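Number of protein chains: 2
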Amino acid sequence: MVHSFLLIGQSNMAGRGFLKDVPLLFDNQIKMLVNGRWQTMWEPINHDRPTAGVGLAASFAATWRLKHEGEEIGLIPCADGGTSLDDWAVGEVLFEHAVFQAKLAQRISTVAGILWHQGENDCSLEQSSRYQEKFSLIVEAFRRELNTPDIPLIIGGLGDFLSRGRYGAYFTGYPAVNEALQQFASTTPNCYFVTAAGLTANPDGLHFDAVSQRIFGIRYFEGFHQQKHILAQLPDEKGIVDSISNRPLSKAEKAALLEIRFANGELALVDLEMQLQNL
Amino acid sequence: MVHSFLLIGQSNMAGRGFLKDVPLLFDNQIKMLVNGRWQTMWEPINHDRPTAGVGLAASFAATWRLKHEGEEIGLIPCADGGTSLDDWAVGEVLFEHAVFQAKLAQRISTVAGILWHQGENDCSLEQSSRYQEKFSLIVEAFRRELNTPDIPLIIGGLGDFLSRGRYGAYFTGYPAVNEALQQFASTTPNCYFVTAAGLTANPDGLHFDAVSQRIFGIRYFEGFHQQKHILAQLPDEKGIVDSISNRPLSKAEKAALLEIRFANGELALVDLEMQLQNL
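Top to bottom, those sequences are chains L and F.
Under UniProt numbering, the residues of the first sequence are numbered 1 to 279, in order.
Under UniProt numbering, the residues of the second sequence are numbered 1 to 279, in order.
Just so you know, the hints here were simulated from the structure itself, not pulled from any lab data.
Where hints are given, some of them may not hold.
[As the list claims (entries may be wrong)] Quick list of simulated restraints, FRET-style, between CB atoms: (1) S124/F to E266/L: 18 to 24 angstroms; (2) L249/L to Y167/F: 20 to 26 angstroms; (3) A169/F to Q277/L: 17 to 23 angstroms; (4) N278/L to D236/F: 44 to 50 angstroms; (5) S136/L to L125/F: 41 to 47 angstroms; (6) V93/L to S245/F: 29 to 35 angstroms; (7) S124/L to G91/F: 43 to 49 angstroms; (8) G70/L to S129/F: 38 to 44 angstroms.
This structure is a prediction, so every number in the text was calculated from the model and none was measured.
C-beta atoms are modelled at their ideal positions from N, C-alpha and C, and glycine is treated no differently.
One chain only, chain L, in its complex shape:
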C-alpha cells in the first residue's frame, strides 16, 4: 500500500525552484496524484501557476525512499500560490479541494502525513497575531475530515531572506509567523516544526531556490521520521542530496525517461528505438 502525503500551503509548498538548477529526481516508486490516480512523480508536482517549479516534496519523498526500500510513496499536491490562512479556512474552496483530493488518495493509499508551508501572506501584525488560532481550526478540520486524528503534520519556517527582497516591505513581520508556527508545533500533538535557517531564495527574494528546496525536503522528512522539531541545519544535508540525486535508475526507469523525451519531441524515433535496444 502506498504511503501518501498531503501538500498544502502557498507558493513555497507548491515550489518555485528552477528545474534547471538541480538534477532530476525520478523514481517509479514515487507517485503523484493526478486525476485521482497515481502517476510517477515528475516535477513540477504542484501546477498552481505558470511559475511552478521545484518544491520540497520531491526530496522529501526521495529521502523517505532511502529508508523504505521497495515501498511506494505518493504525493497529493494541493498548495496554491499567494494564499492566506483565510483562503484556507474550513469551508473555503482550497480546504474542500484538498480534502477531496486526500479522500481520493485514501481509496488507494494510507495518507501518512500532512506537509504545510504557508505564512508569507500572513506577515502583517494583525494576521500573524491570529496565526495559531486560525491554523489550529484548519488542522483540526483536516484531521477530522480525513478520519486521521493523529496524523503527523510537518510545518516549515519562512525564509530569512523575505524582508530583504524585492517585496521585502510586505514581510517585515515574518519572524512573528515563524514564532507562531513554532509555538503551534510545540503545543499540538504530532506536529513538528522545521527551520528554514540557511536556505536561500530565487532572485525574487521570495521563493526558496531549487537547491534550498531539496534541503528543505530532507529536513521535512527528518521532522517526520524522527518525530521531532528540526531547529537547525542537519549535519549531512549535502550527503543526502547527493544520495538522492545520484540514485541509479532501473532499466524500466531509463526506458520511461526515453519515452518521455521522445513524446516531448526531444528525441527522434530512430534514436529512441536504438537507445531502448541498448538499455
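Here the structure of chain L is known, so what remains is to put chain F in place on it, guided by the hints.
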C-alpha cells in the same frame, strides 16, 4: 459570470502538441480552474503527464473570445492520458473527479459545455462496438450530476494518422470509433461531432501536433457556436489561427508575462523593472 467548459477524455484532449511549435495564447479573460479557483490560462492546461502540451482547449477558448468581447471563459481540465471508456464509467475515479471539479466551477461560473475527445483506447472490435452504449451512460450521468440536462457536448473524431504510426497495430479499428462517435452525436440532443480530417500528428503518430490542435479547437468552437456537426475542414481555419495568435496584448497582460519570465529566472530583476517601466 464566467462561461466555463469541462475538458474530458484521454491524451488528445489533455494535449500533447509541442509548445515550441505555436505562438503563445495569453489572454487575461481566458481562465483555467486550479485548486477550485480561476487563474489566467497558461499551457499546458491539463497536466496529466510529463508530456502534457498543447491541446485543443486553448484555441477553443481564444476563438470563443473573438465572439465575446469583454467576457470571460474558463476551462476545467480533467482529461487523462491513455484512459478507456471503462476508466470513465460512472462511479470510477475519473468520472467522480471531473464531476467534483465541474461542481467547484459551478460555484464561480456557468458550466456552458463539455468538450470530449477519447477513443484511441477503445479501438478494438469489441470495444468500439460498445462505444455508444457505454458513452451514453457517461454523458447522461454528467448531465444529471451537473444539473445541466441540455448542456452542449462537443465530441471530436480520431486522427486519420493513427493506424500508420509507431503504435498503428493497436488502432486499425479507429474508423469504427469515429463511426460510433458520429452516430452518437446524430442521435443525442445537443451533441455535435467535429471531424479531425486533415489534422496531423507528432512523430509518435498518436497525438495531434500543436498546429493541428489549434485548428481542432477552432472546429470544436464552431460546432458549439453553430450548434451543428463540423464534417469537413472550415474555410478559414488559418485566418482564425492568425487572429487568435496575433491578438494584441493589454498593458496588464504584457506586465504579467514579464513577471512570469522574471519568476521563472528568464529575466533579471533590473531588466524586469526597466521593461515594466517602458510598457
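These are the hints, each one checked on the structure:
no., hint, verdict
1, S124/F to E266/L: 18 to 24 angstroms, "violated (31 angstroms)"
2, L249/L to Y167/F: 20 to 26 angstroms, "holds (24 angstroms)"
3, A169/F to Q277/L: 17 to 23 angstroms, "holds (19 angstroms)"
4, N278/L to D236/F: 44 to 50 angstroms, "holds (48 angstroms)"
5, S136/L to L125/F: 41 to 47 angstroms, "violated (59 angstroms)"
6, V93/L to S245/F: 29 to 35 angstroms, "holds (33 angstroms)"
7, S124/L to G91/F: 43 to 49 angstroms, "holds (46 angstroms)"
8, G70/L to S129/F: 38 to 44 angstroms, "holds (42 angstroms)"
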